[in-house]
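2 protein chains.
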Amino acid sequence: MYCLLKFAPLFLAVSVCHGWLFGDFVGKQKELNGEISLWPLPQKFQSSAVAFKLSPASFQIVHAKESSAGPSCSLLENAFRRYFEYMFGDLKKHEKSRKKVFDSDLVELKVWITSTDPECDGFPSLQTDESYQLSVDEPSAVLKAANVWGALRGLETFSQLVYEDYYGVNNINKTDISDFPRFAHRGILLDSSRHFLPLKVILANLEAMAMNKFNVFHWHIVDDQSFPYMSRTFPELSQKGAYHPFTHVYTPSDVKMVIEFARMRGIRVIPEFDTPGHTQSWGYGIKDLLTPCFSGSTPSGTFGPVNPILNSSYEFMAQFFKEISMVFPDAYIHLGGDEVDFNCWKSNPDVQKFMKQQGFGTDYSKLESFYIQRLLDIVAATKKGYMVWQEVFDNGVKLKDDTVVEVWMGNKMEEELQNVTGAGFTTILSAPWYLDYISYGQDWQRYYKVEPLNFPGTDAQKKLVIGGEACLWGEYVDATNLTPRLWPRASAVAERLWSDKSVTDIRNAYNRLVQHRCRMVKRGIPAEPLFVGHCRHEYKGL
Amino acid sequence: MYCLLKFAPLFLAVSVCHGWLFGDFVGKQKELNGEISLWPLPQKFQSSAVAFKLSPASFQIVHAKESSAGPSCSLLENAFRRYFEYMFGDLKKHEKSRKKVFDSDLVELKVWITSTDPECDGFPSLQTDESYQLSVDEPSAVLKAANVWGALRGLETFSQLVYEDYYGVNNINKTDISDFPRFAHRGILLDSSRHFLPLKVILANLEAMAMNKFNVFHWHIVDDQSFPYMSRTFPELSQKGAYHPFTHVYTPSDVKMVIEFARMRGIRVIPEFDTPGHTQSWGYGIKDLLTPCFSGSTPSGTFGPVNPILNSSYEFMAQFFKEISMVFPDAYIHLGGDEVDFNCWKSNPDVQKFMKQQGFGTDYSKLESFYIQRLLDIVAATKKGYMVWQEVFDNGVKLKDDTVVEVWMGNKMEEELQNVTGAGFTTILSAPWYLDYISYGQDWQRYYKVEPLNFPGTDAQKKLVIGGEACLWGEYVDATNLTPRLWPRASAVAERLWSDKSVTDIRNAYNRLVQHRCRMVKRGIPAEPLFVGHCRHEYKGL
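From first to last, the protein sequence lines are chains A and B.
The UniProt record's numbering applies: residue 1 is where the first sequence begins, and numbers increase by one.
The UniProt record's numbering applies: residue 1 is where the second sequence begins, and numbers increase by one.
For reference, chain A alone in the conformation it holds in the complex (with noise of 0.2 Å):
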């Protein structure tokens, strides 16, 4: 089943013409893989069948003269380095050679940014414009950006436009793209605490987000079963709450090195700490941390969330995330605050009795909010914005304006947008996107036909829904499994959180996916397949 490409010079005009997608079988599915395919689809993309060829010896991608950016914008630099292996792979660079460069070579991409400070150095944030135009065509492309954040989406797009041809040559179409996201908020959550996750894995997988233009890793990086986070201020964290003190732990130089290579990707690193419950792993290295859970009138030995009603649990958090918030440059940091079990609180008589001081009855979740609204203010005096889960939200408490609640209970999710954004908070949603949920078949395409704005509410509430997360929980997945469970269903979100709404067709989205998890196979990226069929370039690992 081969046929060609149709290029016609229309908006969203793409290959549509392989592959049966729902029978059982899908053919022979030949060279498909030469296509051009982009994934996330542009908003504004046209294109015409003349096509050009680029030539590893003569093609170079450099700074427009126009640009404020130059050679000492590393970030650029490494991004250049990065997309031309993409794109040739291992075919060495030449030397410049005097070899005469055809008419029909695409020489070079020029890459221009426009406003004065290119962000060079800077991390990209929620307000971060990640816009770009770029033009293909003879003698030269040009990318043109804002800044560096606009300029890797706009690499990443025209990398995605070379195909091999029949030969094997790359060649590019005349194209003209002008492109944005729909949300500024596009996440991945990983759970190294349920696992503990090799720094290659998580570096591996910010690869693939850049790949798929998302734009956040959400790092859900102690929970209950471990704390591999290495603490400068609380040493003993790790110490004695990570599974090995020195085999599984995030050391200081780890989590910069997490940092800088999400920085050159245009990806923010907003780690999670997760309070007051999820914090098992938190009690091996704090004493008194955690509340003593009672059996009748006697100390049981287990213990419960952090405990509420001491001095010293604030003070701990005051100059625990005095830390955190120095060595994590994003503005905001996740606090947590779900599924906090009430049964150890019930049992601990002088929980009680700070109960009945203060007036809370028998509603715990008072006691919760208590914690969280102190916990809040104390992380709002270090400067930073905070995200939480939506039970924070819902159990009442004040909240900072510019505070993120995630949606992640997948029952009644439509009303809690309406809530949340009711009460002007902004939103991101995860319900949808809990990719540890595996199932038989192809699910991405429940995860892709998702609509997040699909909830009762006014155009101010929809323009508060900033974006979403898939979520990959680490009860089931490690080193082993991580990369091919989490590629290529999380570039379903993708697609959904950075396209125009309209991009909704799932047999287009399909035949693009496809040649698009190719392309991670191909750039080393184990991409687990949709269907039936094949790759050109098979995956070299194991």
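Derived by calculation from the structure, the hints in this document are not laboratory data.
Fair warning: this is a prediction, and the values are worked out from it, not measured in the lab.
Be aware that one or more of the hints could be misleading.
[To be verified] Cβ-Cβ distance ranges computed for the label pairs, FRET-style:
(1) Q319/B - G524/A: 41 to 49 Å
(2) Q239/A - G168/B: 40 to 48 Å
(3) G168/B - A51/A: 45 to 53 Å
(4) N343/A - D394/B: 49 to 57 Å
(5) K256/B - S125/A: 52 to 60 Å
(6) D500/A - N395/B: 51 to 59 Å
(7) G296/B - H537/A: 53 to 61 Å
(8) H537/B - Q239/A: 16 to 24 Å
(9) N78/A - E451/B: 53 to 61 Å
(10) H537/B - N78/A: 28 to 36 Å
(11) T247/B - A51/A: 51 to 59 Å
(12) M257/B - H537/A: 21 to 29 Å
[Claimed, not checked] To spell it out: a stretch of chain A is covered by chain B in this simulated footprint if at least three of its residues, at any positions, have a beta carbon under 8 Å from a beta carbon of chain B; those stretches are:
(13) 186–196
(14) 437–447
(15) 505–516
[Said to hold, decoys possible] With a Cα cut of at most 25 Å, we get these calculated DSS-like pairs of lysine-lysine:
(16) K200/A - K522/B
(17) K540/B - K522/A
(18) K522/A - K200/B
(19) K384/B - K200/A
(20) K384/A - K322/A
(21) K322/B - K287/B
(22) K540/B - K256/A
(23) K110/B - K44/B
(24) K346/B - K322/B
(25) K522/B - K540/A
(26) K287/B - K200/B
(27) K200/A - K240/A
(28) K540/A - K540/B
(29) K200/A - K200/B
(30) K412/A - K462/A
(31) K256/A - K287/A
(32) K540/A - K353/B
(33) K400/B - K384/B
(34) K44/B - K540/A
Heads up, the beta-carbon is just placed ideally off N, CA and C, and yes, glycines get one too.
Following the hints, put chain B in place on chain A, whose structure we already have.
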């Protein structure tokens, strides 16, 4: 949650003391990997708390003086080196050291092959005796087996007895084991047609199979989607039917390598060439092999199953299976015979005429049987036995006495086992073990709980159940995700097919399997986690 191993000189004494199995929170599973964890559990097992140390400088695996095998037995010599490396990893075997050997050291494992022909250059078969006796005591351990195949199983067990102590030193406890498999056929089905599986993926999984005492690689090598087997007699089959004629084929030397790599590990390779259905990819290379389908009175341009009414089809099969019977040394070939779609046959006027001539009425299963009967006779003439999917039996085809019928349909599985064995045929079970059907959570427990003999029938009938197979069909797996999806889920099947019927304690199995999967990871197999926790040696690949 750490507890010491409880050794007891009791039958089936193993560690059963750490972790919570069913809760959401397994706690801090610390330092569990040093405990012994046999998988699959041996039939008879006695162990004591007396421990010996193994030094890479002095320990060796040698042929016993009394053994009928010696240094010329390259199968064993290879296995000795392989298991030495599994136990000592990167530690180089020093030159024979003069270092004092301590009394508490185990200095050697003597391998004693007792029968006059050790079968060093032979192939394992359905009749192979895989039993072995293993005695670990100072200063030597002794592994006794009738032939090399039992010795391979015993070497795996010996290596599983070795554990790292607190100082990282290899220890082994005084132990006596007498072991043999409950079922003779313990298989893994891999499908290299829906996705091409690079050679190294197949080899890695053969290694993992040996770690789990599987002894049959059921190679579903071709199917509708692609024909990667390069035939010497009909090279056009893969030239036109493979995804790519160079990069996505198994050359004769690739096939030889798979067979030899498997033989070195006591694994039979049974190829499946499924006909008359599942043959779309055959049709590209062989003119007139498939039935032309009709749309009314004109050919529709599509093709159905093998054309059963042409002599040329049978002439082709005779030549083709003559080659197969020579390329694959095993006594059995799997001939498929499942899921034949009658629509194309029904549409074809020549087939309709043939049906009338033969007096088949409109019962196309009679035509199917007609084809299969002739095929079986063709294959029987090559002196090979055959395996078939259950439909062939269900349709009343006359089968050779030694035919193995594979029961794969979940619906009425017990009834089918009863019928097949009632008719006197040997059978293997794969219905409960279709590992391509993934789901959230610990589905290995479902595979583990299957009791293959749990169907109504006489003792004689039960004896005809010679084993089973874990099947990982290829629609959704390729080199990127196959290995972690197969292991350790297939390990559950491995224990069910090897160990005694009474070995059903799921908590005990969980504790051993957690460690067994870490052992596979340490040996380079990306076996995925069962649940939260960690391995001392995490996976080093991506």
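Against the structure, the hints:
The given range of 41 to 49 Å is respected by Q319/B and G524/A, whose C-beta atoms sit roughly 43 Å from each other. Separated by about 20 Å at the C-beta atoms, Q239/A and G168/B break the suggested range of 40 to 48 Å. A beta carbon spacing of about 60 Å between G168/B and A51/A contradicts the range 45 to 53 Å that was offered as a hint. The hint said 49 to 57 Å for the Cβ distance between N343/A and D394/B, and at roughly 55 Å that hint holds.
For the pair K256/B and S125/A, the supplied restraint of 52 to 60 Å holds, since their beta-carbon distance comes to about 59 Å. For D500/A and N395/B, the hinted distance range of 51 to 59 Å is satisfied, since their beta carbons lie about 54 Å from each other. At about 44 Å, the beta-carbon gap between G296/B and H537/A misses the expected band of 53 to 61 Å. A hinted range of 16 to 24 Å for the beta carbons of H537/B and Q239/A is consistent with their spacing of about 20 Å.
Roughly 59 Å separates the CB atoms of N78/A and E451/B, a value that falls within the hinted 53 to 61 Å. Here the CB-CB span from H537/B to N78/A is close to 33 Å, well matched to the stated 28 to 36 Å. The hint said 51 to 59 Å for the Cβ distance between T247/B and A51/A, and at roughly 25 Å that hint is violated. Distance hint check: the CB atoms of M257/B and H537/A are about 22 Å apart, consistent with the given range 21 to 29 Å.
For the segment 186–196 of chain A, the stated coverage by chain B holds: 3 residues have a C-beta nearer than 8 Å to a C-beta of that chain, and at least 3 were required. For the segment 437–447 of chain A, the stated coverage by chain B is satisfied: 5 residues place a CB nearer than 8 Å to a CB of that chain, which reaches the threshold of 3. With 0 residues having a Cβ less than 8 Å from any Cβ of chain B, the segment 505–516 of chain A misses the three-residue criterion, and the hint is violated. Between the alpha carbons of K200/A and K522/B the distance comes to roughly 17 Å, so the proposed pair stays at or under 25 Å and holds.
In summary, the hint linking K540/B to K522/A is supported, as the alpha carbons are separated by about 20 Å, within the 25 Å threshold. Restraint check: the Cα-Cα separation between K522/A and K200/B comes to about 17 Å, which is no more than 25 Å; the hinted pair holds. For the suggested pair K384/B and K200/A, the alpha carbons sit about 50 Å apart, so the restraint of at most 25 Å is broken. A distance of roughly 10 Å separates the Cα atoms of K384/A and K322/A; the hinted pair therefore holds under the 25 Å criterion.
Simply put, K322/B and K287/B have alpha-carbon atoms about 19 Å apart, close enough for the 25 Å limit, and the pair holds. The suggested pairing of K540/B with K256/A holds, with an alpha-carbon distance near 22 Å, which does not exceed 25 Å. Of the supplied pair hints, the one linking K110/B and K44/B holds, its CA atoms being roughly 20 Å apart against a limit of 25 Å. A C-alpha spacing of about 31 Å is found between K346/B and K322/B, which places the hinted pair above 25 Å, so the restraint is violated.
For the suggested pair K522/B and K540/A, the alpha carbons sit about 20 Å apart, so the restraint of at most 25 Å is met. Distance check on the hinted pair: K287/B and K200/B sit about 33 Å apart at the alpha-carbon level, beyond 25 Å; violated. Among the hinted pairs, K200/A with K240/A is consistent with the structure: their alpha-carbon atoms are about 24 Å apart, no more than 25 Å. Proposed proximity of K540/A and K540/B is supported: the alpha carbons are some 15 Å apart, at most 25 Å.
Between the alpha carbons of K200/A and K200/B the distance comes to roughly 22 Å, so the proposed pair stays at or under 25 Å and holds. Restraint check for K412/A and K462/A: the C-alpha separation of about 17 Å stays at or below 25 Å, so the hint holds. Among the hinted pairs, K256/A with K287/A is inconsistent with the structure: their alpha-carbon atoms are about 28 Å apart, more than 25 Å. The hinted pair formed by K540/A and K353/B fails the criterion: a straight-line CA distance of about 52 Å is larger than 25 Å.
Between K400/B and K384/B the CA atoms are separated by roughly 11 Å; this keeps the pair inside 25 Å, and the hint holds. In summary, the hint linking K44/B to K540/A is not supported, as the alpha carbons are separated by about 42 Å, beyond the 25 Å threshold.
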